[in-house]
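Novice: If you read the sequences in order, they're chains A and B. Per the UniProt record's numbering, the first sequence starts with residue 1, numbered consecutively. Per the UniProt record's numbering, the second sequence starts with residue 1, numbered consecutively.
Watch out, some of these pointers could steer you wrong.
Said to hold, decoys possible - Chain A is nowhere near these chain B residues, computed Cβ spacing over 12 Å in every case: (1) K25; (2) G26; (3) L133; (4) E318; (5) F363.
To be verified - Restricting the straight-line Cα-Cα distance to at most 16 Å, the calculated cross-link-like pairs of lysine to aspartate or glutamate (EDC-like) are: (6) K357/B / D335/B; (7) K72/B / E19/B; (8) K130/B / E115/B; (9) K357/B / E185/A; (10) K361/B / E180/A.
It should be emphasised that the hints constitute simulated quantities derived from the structure, not laboratory data. Where is the CB? At the ideal position from N, CA and C, for every residue including glycine.
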Amino acid sequence: MTQPTPTVAPRDHISAFKRARMIATSSPVVFVASIILMLVVLSAIFAPWIVPHDPIRLSPAVRLKPPSDVYWLGTDAYGRDLLSRIILGGRVSLVVGVASAIFAVAVGLGLGLLAGYIRWLDAVLMRMVDGLMAIPSILLAIAIVSLWGASLWTVLVAITIPEVPRVVRLVRSLVLSAREEPYVEAAIAAGTSTARIMRRHLVPNTIAPLIIQGTYICASAILTEAILSFLGAGINPETPTWGNIMAEGRVYFQINPGIVMWPGLVVSVTILSINLLGDAVRDALDPRMAKRGIER
Amino acid sequence: MSNNILDINNLRIALNGDEDKQVVKGLNLSIEVGQTMCLVGESGSGKSLSALATMGLLPSVLSPIAGSIELKGEELLGAAPARMRALRATGVSMIFQEPMTALNPVVRVGQQIEEVLEFHSNLSKSERRKRVLEMMEHVHLPDIEKMYRSFPHQLSGGQRQRIMIAMALVMRPQLLIADEPTTALDVTTQAQILKLIRELREEQGAAVLFITHDMGVVSEIADDVTVLKLGEVMETQKVEALLRNPQTEYTRGLLRSVPSQVPRMARELGSQEIVLGTDNLCKTYGGKGFIKKSREVKAAQDISIKLMKGRTLGIVGESGSGKSTVARCIMRLVDPTSGSITIGGKDIANLSQKELKPERKNFQIVFQDPMRSLNPRIEVGQSIIEGPLNFGVPYNEAMDRARELLELVGLPGSAVDRFPHQFSGGQRQRIAIARALAMDPDVLVADEAVSALDVSVQAQVLELLAELQERLGLGILFITHDLGVAAQICDEVIVMQRGQIVEYGPAAQVLGEPQQDYTKALIAAAPGKHWDFANFRPFSEAP
Numbered sequence: 001m002t003q004p005t006p007t008v009a010p011r012d013h014i015s016a017f018k019r020a021r022m023i024a025t026s027s028p029v030v031f032v033a034s035i036i037l038m039l040v041v042l043s044a045i046f047a048p049w050i051v052p053h054d055p056i057r058l059s060p061a062v063r064l065k066p067p068s069d070v071y072w073l074g075t076d077a078y079g080r081d082l083l084s085r086i087i088l089g090g091r092v093s094l095v096v097g098v099a100s101a102i103f104a105v106a107v108g109l110g111l112g113l114l115a116g117y118i119r120w121l122d123a124v125l126m127r128m129v130d131g132l133m134a135i136p137s138i139l140l141a142i143a144i145v146s147l148w149g150a151s152l153w154t155v156l157v158a159i160t161i162p163e164v165p166r167v168v169r170l171v172r173s174l175v176l177s178a179r180e181e182p183y184v185e186a187a188i189a190a191g192t193s194t195a196r197i198m199r200r201h202l203v204p205n206t207i208a209p210l211i212i213q214g215t216y217i218c219a220s221a222i223l224t225e226a227i228l229s230f231l232g233a234g235i236n237p238e239t240p241t242w243g244n245i246m247a248e249g250r251v252y253f254q255i256n257p258g259i260v261m262w263p264g265l266v267v268s269v270t271i272l273s274i275n276l277l278g279d280a281v282r283d284a285l286d287p288r289m290a291k292r293g294i295e296r
Numbered sequence: 001m002s003n004n005i006l007d008i009n010n011l012r013i014a015l016n017g018d019e020d021k022q023v024v025k026g027l028n029l030s031i032e033v034g035q036t037m038c039l040v041g042e043s044g045s046g047k048s049l050s051a052l053a054t055m056g057l058l059p060s061v062l063s064p065i066a067g068s069i070e071l072k073g074e075e076l077l078g079a080a081p082a083r084m085r086a087l088r089a090t091g092v093s094m095i096f097q098e099p100m101t102a103l104n105p106v107v108r109v110g111q112q113i114e115e116v117l118e119f120h121s122n123l124s125k126s127e128r129r130k131r132v133l134e135m136m137e138h139v140h141l142p143d144i145e146k147m148y149r150s151f152p153h154q155l156s157g158g159q160r161q162r163i164m165i166a167m168a169l170v171m172r173p174q175l176l177i178a179d180e181p182t183t184a185l186d187v188t189t190q191a192q193i194l195k196l197i198r199e200l201r202e203e204q205g206a207a208v209l210f211i212t213h214d215m216g217v218v219s220e221i222a223d224d225v226t227v228l229k230l231g232e233v234m235e236t237q238k239v240e241a242l243l244r245n246p247q248t249e250y251t252r253g254l255l256r257s258v259p260s261q262v263p264r265m266a267r268e269l270g271s272q273e274i275v276l277g278t279d280n281l282c283k284t285y286g287g288k289g290f291i292k293k294s295r296e297v298k299a300a301q302d303i304s305i306k307l308m309k310g311r312t313l314g315i316v317g318e319s320g321s322g323k324s325t326v327a328r329c330i331m332r333l334v335d336p337t338s339g340s341i342t343i344g345g346k347d348i349a350n351l352s353q354k355e356l357k358p359e360r361k362n363f364q365i366v367f368q369d370p371m372r373s374l375n376p377r378i379e380v381g382q383s384i385i386e387g388p389l390n391f392g393v394p395y396n397e398a399m400d401r402a403r404e405l406l407e408l409v410g411l412p413g414s415a416v417d418r419f420p421h422q423f424s425g426g427q428r429q430r431i432a433i434a435r436a437l438a439m440d441p442d443v444l445v446a447d448e449a450v451s452a453l454d455v456s457v458q459a460q461v462l463e464l465l466a467e468l469q470e471r472l473g474l475g476i477l478f479i480t481h482d483l484g485v486a487a488q489i490c491d492e493v494i495v496m497q498r499g500q501i502v503e504y505g506p507a508a509q510v511l512g513e514p515q516q517d518y519t520k521a522l523i524a525a526a527p528g529k530h531w532d533f534a535n536f537r538p539f540s541e542a543p
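The following block holds chain A by itself, in its conformation from the complex (with noise of 0.2 Å):
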């Protein structure tokens, strides 16, 4: 045949550890939340060694004490350090915020690939995600931990369910819109089986919008669980969270503000620097930016 030897390019391909970290740098906002988060992260999985006192034990001789050299941030009113007890509490919410963000999304991405591929599945469970959603999440929550009482994994079943549903839609119009796709059919008429079109075609379509969702999960849930131990629905009141902290300062506010202002303030940061890396994950994995980066 007479045609131009093909010209194929070569395989290019960039490391996760890389494009880490070219998300992390990709601004200098980003910078900062990254080095916040992962500092938060950080003093969360050593927290038993580096609190400067014992978050647990009662000292009636220091209570509601201001920020001092002794302690940082001051005490709350059992005398106990707020910073230690800050630091300890920071374990619960971020296991809570990353443990329902994975739960979510677990669960919303094999409900929505049911819900996308299989015709007669969608009517059914799509009404179920809707009557879902109907229901106020915080509402839903207190009814959850209510009906089973307060434990770690109640609280984290109660953030996961309401959140399940968005993930459900976001993965059923992901897959709607691969499964038309060409190289599906040719994969249908290749006889490869549902379950191996779900697991080779479709669920990497989702992947890039899944991590985004699940950082926003991850900071919506780390703030459900603030307002749910805020509220006295939380988990029990004797292990320090963010919210169980703020809970107990809100009758000494005008005593000592800093016991609900602290946690607050953490819990802000937190959330707001969860977000910004899932913003600048966004850009990162954004279709448009990876054409752009092939044709560099």
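With the hints as your guide, set chain B onto chain A.
Specialist: Below, chain B without anything else, positioned relative to chain A:
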């Protein structure tokens, strides 16, 4: 003063202003009053970019680094944005390939035309409306009062393009740029739009810069032709001279690649074995509903076809004729409403997806869009072996076969671990063919498989298909809207209209001596039917 409307001198456009990354390399071009200049070239030739530069609409990463573009002696490169805005519509205006996306879907079309007048004239509201209706009449739209209030989706493709033309010409610009204005339209509509552009050019005395890849269209509309290749001018000539006596090898190659409208003779019938047959195949959409029945659309009605081993059966028709529905029914990507489909001696029309699976390897499909028919996230080798793996072929064996297949379709076997975006459109279509062949099918369904490709690439892919057919004894069901392509590769041809078979017979008979009015109209509308491009002469002069 010269009579030229547009003068482009030594225009150079570069990526990021980088001298080494020129995408248009020294374009010279001038158009006189009332003339049509065709810019011809394959994708990547820079023809659209030259037009966008003239409109001052280049994307920001591209910039002109040298040369001049003069409209009636006025320099456009570097003109102030305000001046360019004023010149668009009054001096130069443009129509695009896809009228659906070029029109705003939520604004009534009449208002969209009126908007141009609002910005560029001092006419009162009632005068504007009158002018718009006049213009709509001019472009031969029916029932203009009603059209005026229509939204784009309520119009047909041809009507939308007429609206675009009305919008472009309402300020009587001296230059009309038409960028592939008929590529997305059916042949009969295309013929009407070409006629309209010719008519308006004479009436308004405008010059036309017409961009196309289709030599047939060139022969219908051009006065002068400029051939571009990768940003370089190959030649500029009067159309007749170009078609008769092309100066460069590139142009000769382009013309030779144009599929001739004259059908080839059917090949000797080698085998009587029927590899694919359908009997009264029907597909109806809608017609269901709990409370009220939805409207029924009969996408395919009573389709009975026979495809023999080693032969090519073409289905031609305009958009909406149901030709793709037939292909999708045969592939069981949609379930037929009634009728039978026999492949390999077995009726597959009513098999469940599970029962169908073992049969799947007998029939495979190649799609139109090479960008979307391969999963962008997996290596092409993995795409090719997907089918064989489903049928229990061991991985290494399948991979070896994939390398062989890539070589069979003219690509290096080592390309198995590359991703789709690393290939050109034509290469990707070859990979899609390799994937289909990996299953050793008896039947290959090609759904507009060459329509998205440049003509020279199209010729190569058609050649490849013919070669593979010869070697492997494939039965090919070839679905196309292009009569030239059908004439060149089909033994038998089916003409479809509104879901029904209009005419069915040997290609030479259907396309050479059509019996039905619809077939005759289709053939009459095909652009460039008088020219035998490959032999550089009109058919009337053929010996």
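Novice: Next, verify each hint and record whether it holds.
Specialist: Now the hints, each set against the structure:
1. Against chain A, the non-interface label of K25/B holds: every CB pair exceeds 12 Å, the least being about 19 Å.
2. Every CB of chain A is more than 12 Å from the CB of G26/B (nearest about 24 Å), matching its label as outside the interface.
3. Consistency note on L133/B: stated as away from chain A, and its beta-carbon is indeed over 12 Å from all of that chain's, at 40 Å minimum.
4. For E318/B, the requirement that its beta carbon stay farther than 12 Å from each beta carbon of chain A is met, with the minimum near 21 Å.
5. Annotated as non-interface, F363/B brings its C-beta within 12 Å of a C-beta of chain A; the closest such distance is 8 Å.
6. Taking the CA atoms of K357/B and D335/B, the gap is near 14 Å; set against the 16 Å cutoff, the hint holds.
7. The hinted pair formed by K72/B and E19/B fails the criterion: a straight-line CA distance of about 29 Å is larger than 16 Å.
8. Restraint check: the Cα-Cα separation between K130/B and E115/B comes to about 13 Å, which is no more than 16 Å; the hinted pair holds.
9. For the hint linking K357/B to E185/A, the alpha-carbon distance of about 14 Å falls within 16 Å, and the restraint holds.
10. Simply put, K361/B and E180/A have alpha-carbon atoms about 21 Å apart, too far for the 16 Å limit, and the pair is violated.
Checked against the numbered hints given earlier, the structure breaks hints 5, 7, 10 and satisfies all the rest.
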